[in-house]
Amino acid sequence: NAGVTQTPKFRILKIGQSMTLQCAQDMNHNYMYWYRQDPGMGLKLIYYSVGAGITDKGEVPNGYNVSRSTTEDFPLRLELAAPSQTSVYFCASSLEGRDEKLFFGSGTQLSVL
Amino acid sequence: GEDVEQSLFLSVREGDSSVINCTYTDSSSTYLYWYKQEPGAGLQLLTYIFSNMDMKQDQRLTVLLNKKDKHLSLRIADTQTGDSAIYFCAESIGDYKLSFGAGTTVTVRA
Chain L
1 NAGVTQTPKF
11 RILKIGQSMT
21 LQCAQDMNHN
31 YMYWYRQDPG
41 MGLKLIYYSV
51 GAGITDKGEV
61 PNGYNVSRST
71 TEDFPLRLEL
81 AAPSQTSVYF
91 CASSLEGRDE
101 KLFFGSGTQL
111 SVL
Chain P
114 GEDVEQSLFL
124 SVREGDSSVI
134 NCTYTDSSST
144 YLYWYKQEPG
154 AGLQLLTYIF
164 SNMDMKQDQR
174 LTVLLNKKDK
184 HLSLRIADTQ
194 TGDSAIYFCA
204 ESIGDYKLSF
214 GAGTTVTVRA
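So the protein lines, in turn, are chains L and P.
Sequential numbering of the first sequence, starting at 1, is according to this note's numbering.
Sequential numbering of the second sequence, starting at 114, is according to this note's numbering.
Bear in mind the hints are in silico, worked out from the structure with no lab data behind them.
Check before you lean on any hint, since a few could be wrong.
Looking from chain P toward chain L, a few residues come up when the C-beta cut is under 8 Å (computed) [claimed, not checked]:
#1 Leu121
#2 Leu156
#3 Gly214
#4 Gly216
#5 Val219
In this text, all values refer to a predicted model and were calculated from it rather than measured experimentally.
Glycine is no exception: its CB is placed at the ideal position from the N, C-alpha and C atoms.
Next comes chain P alone, as it looks inside the complex (with noise of 0.2 Å):
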């Protein structure tokens, strides 16, 4: 199958941590991705993981792969109030397409 699965919605207090969770199908995916969406704009790439690897960190991003679980997660660190919008999460499932989940829409609050 080509699902995507990842909550709705997280509401998180500035200055803490987000963790946003994401779960996929296909277990011959390359690439993970999460994507980002500002109020309306389009999709920017915020980060990608390969699917040998376990953990990746961008400055205050931080990706985490569980291949046996099909699990992924972004966490965001020191969360500000620039990082509300939605986030997608992203598997490749084939040689150029993706399969996107319904996206998680994160609020920051004071």
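Here chain L stands alone, though its shape is the one from the complex (with noise of 0.2 Å):
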């Protein structure tokens, strides 16, 4: 099993431009969240899903875009790229979502000038 797998790994944006980061997990878990991880804060929630179809809203979801066609994959959309949107990005994956034992990807570091 590969896990939870991220891409890209870094991507530079200008500002107003969009772009998909990828996450796909092959463990079958029915839970997905998007985090964002900024220097010296705790992770931020974005968005999550409980299973393919079904998307919600996380503590930061202003300016980000989810959707969930399948169980394995959970793309996050950036519409207009602004400054504000740099950092690191942590898809992570969990079964039951109940026991929150979350399997993170590697992360993309999105940078937005």
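Hints in hand, dock the two standalone chains.
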């Protein structure tokens, strides 16, 4: 099993550009999450999904969108990139959700200039 | 509230014990977690404790939970250079969500 795979690992965007961060898991997990990590701060939940076709907002959803058309994939879309979205983005998954043992991808480092 | 607080830095000599402390706010948290993040990598679950336990030991790791004070600690015995990493405390804040602290950067010196 590859676990949770994120692409790309690094990306530089110009202000106003759009991009999609990809996330895929091969563990047949129902729950998937997107977090952002800013220096000196804990991870902040952007969006999460409890199963295919179901998504919900986390703490910091503004400026982002997600979709969950399959169990495996949970892409995160930035429509109009802003410097405030410069961060490291982590995708995570868990099997049942209730026990909250998360498996994380290796992250995407995004800079918006 | 959902704030998890932990000190930002800890320096420890190789072979000594490390103690990382955390305070949390949600008294209804079911589980409390410690995650480890090595440079350039995602977080990995290190250990966790169920809220009705006071202590959990797992090889070199000991987790202590004081529910009255909402205080969680992680002790690493015989700290090694491979233990240098950022350690995140996290509490469950719902059926499927976690609240993370800012992380404690542990540096192991020879």
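Structure-based check of all given hints:
1. Leu121: Holds, because the Cβ-Cβ distance from Leu121/P to chain L comes to roughly 7 Å (cut-off 8 Å).
2. Leu156: holds (5 Å)
3. Gly214: holds (5 Å)
4. Gly216: With a closest approach of 7 Å, the Gly216/P hint holds.
5. Val219: Violated, because the Cβ-Cβ distance from Val219/P to chain L comes to roughly 15 Å (cut-off 8 Å).
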